[in-house]
Amino acid sequence: MIRFDNVSKSYPGGHEALRRVSFELPRGEMTFLTGHSGAGKSTLLKLIMAMEKSSRGQIFYDGKNLDRLGRRGIPYHRRRIGVVFQNHSLLFDRSVFENVALPLNIAGADSRETARRVRAALDKVGLLDKETLNPIVLSGGEQQRVGIARAVVHKPDLLLADEPTGNLDPDLSAEIMKLFREFNSVGVSIMVATHDISLVRDFGLRQIVLSNGRIIQGAFPAESSR
Amino acid sequence: MNRRTSGKPRFEWLADYSPKRLIPWGRNHFLVARSSWKRLIEEPLQTALTVGVIAIALALPTLLFQLAAMGGSALGQMNNTSDINLYFELGTENQSIQVFVDRWQGDSRIKTTQLITPEQGLADFETYSGLGSILSSFDENPLPAVVRITPADRLAGRAAELRLLLQALEASQFVESAVLDFAWLDRLNAIVEFVDRLSIAVGALLVLGILLILGNTIRLTIENRRHEIVVIKLVGGTDRFVQRPLLYAGFWYGLLGGAVAVVLVAIVGALLSFPLQRILLSYQSSVQNMPGLSFSVFVNLLVLGALLGCAGAWLSVLQHLRSVEPR
Chain A
519 MIRFDNVSKS YPGGHEALRR VSFELPRGEM TFLTGHSGAG KSTLLKLIMA
569 MEKSSRGQIF YDGKNLDRLG RRGIPYHRRR IGVVFQNHSL LFDRSVFENV
619 ALPLNIAGAD SRETARRVRA ALDKVGLLDK ETLNPIVLSG GEQQRVGIAR
669 AVVHKPDLLL ADEPTGNLDP DLSAEIMKLF REFNSVGVSI MVATHDISLV
719 RDFGLRQIVL SNGRIIQGAF PAESSR
Chain B
2 MNRRTSGKPR FEWLADYSPK RLIPWGRNHF LVARSSWKRL IEEPLQTALT
52 VGVIAIALAL PTLLFQLAAM GGSALGQMNN TSDINLYFEL GTENQSIQVF
102 VDRWQGDSRI KTTQLITPEQ GLADFETYSG LGSILSSFDE NPLPAVVRIT
152 PADRLAGRAA ELRLLLQALE ASQFVESAVL DFAWLDRLNA IVEFVDRLSI
202 AVGALLVLGI LLILGNTIRL TIENRRHEIV VIKLVGGTDR FVQRPLLYAG
252 FWYGLLGGAV AVVLVAIVGA LLSFPLQRIL LSYQSSVQNM PGLSFSVFVN
302 LLVLGALLGC AGAWLSVLQH LRSVEPR
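Residue numbers (this note's numbering), protein chains in the order written: chain A, 519 to 744; chain B, 2 to 328.
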C-alpha cells in the first residue's frame, strides 16, 4: 500500500527530519509508528498526506509516485486517506453531523447517502445521539471520536492517526485503540503514530521505530513479528 | 486512444465533470451560496460597511454619468434652436438681400432661411416691445434687414462646423455681422464633456476601489477561516471547493452593494430632479432623461455589482488562498 524508498526530508535551515527511510506497509495491515518526540513521526505522516515533499527518495502509494501527483492531484490523493489528529481539528462553527459530513460534501455525495454514512460512522464511535450538538460542548474523548468518525466516514483505504490518544486518559485511549482494531478487521490499513509505548505493547502488532530520523526497527514486516 | 492501463488516470480530477456528478455539484453550489449568505448576515456590521462602500462607489459615477447624459441631450436641444442672425448693412436693397437668400437657400448646411425686412422688424418691434414711439422719432428706420438662418439638424452641437458656416456667411457682401452665441455654447459643451469624463474617471477609480475593498474583506475572511480551510484541504478539498464560498461571499457583497446603490440613485435622483427641471426650464429646454432610477439602471447596477463582487473576491483568492496550506 505504502512504500518509502530511501526517503530523506530536510527543512530549510538544515534540520534533517528523516534520513534515508525505507519501509513497506502492506494493504490491510495495522502498524504503529513510535519514537521519541522529534524523531520524525509527524514528518513521515505529512509525507504520506502530501503535505510535504520529500527532499530525496521516493514514496509510492498503491504503486504510484507521490512526487508526480501535482497540485491538482493532491486533494484526490487525500480523499483516499482518513486522518485523525491529536488536536482532532474539528470545526466549532457547525454541528457534529456537519463535521463528520465534511469529507462526503467535498467528494460530492448526495444528501441521502451522506446522512446514511454519517449516522453509520457516528453509530460506530457511539455518538449517534450527539449529532446535532456543537462539538465544543463534547468532552475530549468524545471530540476525538468525532474526529475518528470524520476520518472513516468516506471509507478510506488508509487511516492515519497522529498521537490520537495524546490528550486522553488510559481508559479512553484503550477505547480509541479498540475502535482502530475494529476498522482494521474490516480491511482498512492503519498507521498510528504514538509515543505511548505501553499502548503499543498490549497489541503485539508491527511497530516501526524511528529515532533521529532513522528507522531503527520494523522497516519490513518480518523484522517486527514476535 | 492511448490509455494507461495500470494505476490512477493522470487526470482523475476531470471525473468531477461527469454528468452524474452534476446534480450534487449543483446542489453544492446552492448550499454554498446559502451558507455564504448566512455568514454575511451573521456579521451585520462588517457586511453593512462593505456593502455601503460598494453602494456609494457604484451610485456616485452612475449619477454623474446620468447628469452628463442629461446635459448632453439638453445641449442638443439648445443647438437646434441656435439660429444664426445675419445683420445686413443699413440701406441694403431688399432685392440684393433676396438674391443672397436665394443663393444660400440651396446650401446643405442650412435648413431654413427667414428674411425679416427693416419694415417687418419695425412692425414686430412696435408690436412686442410697446416702444414703437421711440423708433418713430427717428427719421429713417434704424433697423437693419435681418436674415435668420436655422442650420441643418446634422450641425447641431458641432461647434466647429457651425463656426465655418458663420464665417462664410459673414464674409458675404452686404453682411454687417453674423451672430451665434458660441461662447455660451462652447462653455456648455465643455461643461458637459467635463462631467462626462469626470464620471468615467470617477467610475474607473471607484471600480478599482471596489475591487480593493472586496479584496481586503475576502482576505480577512480567509484569515478568519484559516483553520477551516486547512481542515478542508486535509480531508481532500480542492482549491475550487475552498474558494467557492469565498467567491459567493464576493458575489453577495457585490449584489447587495448594487441593490443599495439602486436605492441611493433613486433617492438622490428624486432630490435632484426638481431643481434640475427648474434650471432646464429657464433655458427653454424640456429634457426627459433626468437622473434617477430606470429599469436599465436597476439591472445594470445589480449585474455590475455582482460581477465586481466576484472579481474582487477572485483576485483576493488568487493572491491569498494558496498560502493557506496544512502544515
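One should not assume that every hint holds.
As the list claims (entries may be wrong) - Not close to chain B: a few residues of chain A, all C-beta gaps over 12 Å, as computed:
#, residue
1, Glu-542
2, Pro-544
3, His-554
4, Ser-555
5, Ser-573
6, Gly-575
7, Asp-611
8, Leu-646
9, Gly-659
10, Val-671
11, Phe-698
12, Val-727
Unchecked claim - One side of the interface only, derived from the structure: several residues of chain B facing chain A at Cβ under 7 Å:
#, residue
13, Ala-202
14, Ala-205
15, Glu-229
16, Val-236
17, Thr-239
18, Phe-242
19, Val-325
Hints are computed from structural coordinates only; laboratory data are not their basis.
C-beta: ideal position from N, C-alpha, C; glycine also.
Among all the numbered hints in the text so far, which are the ones the structure does not match? 7, 10, 13, 14, 19
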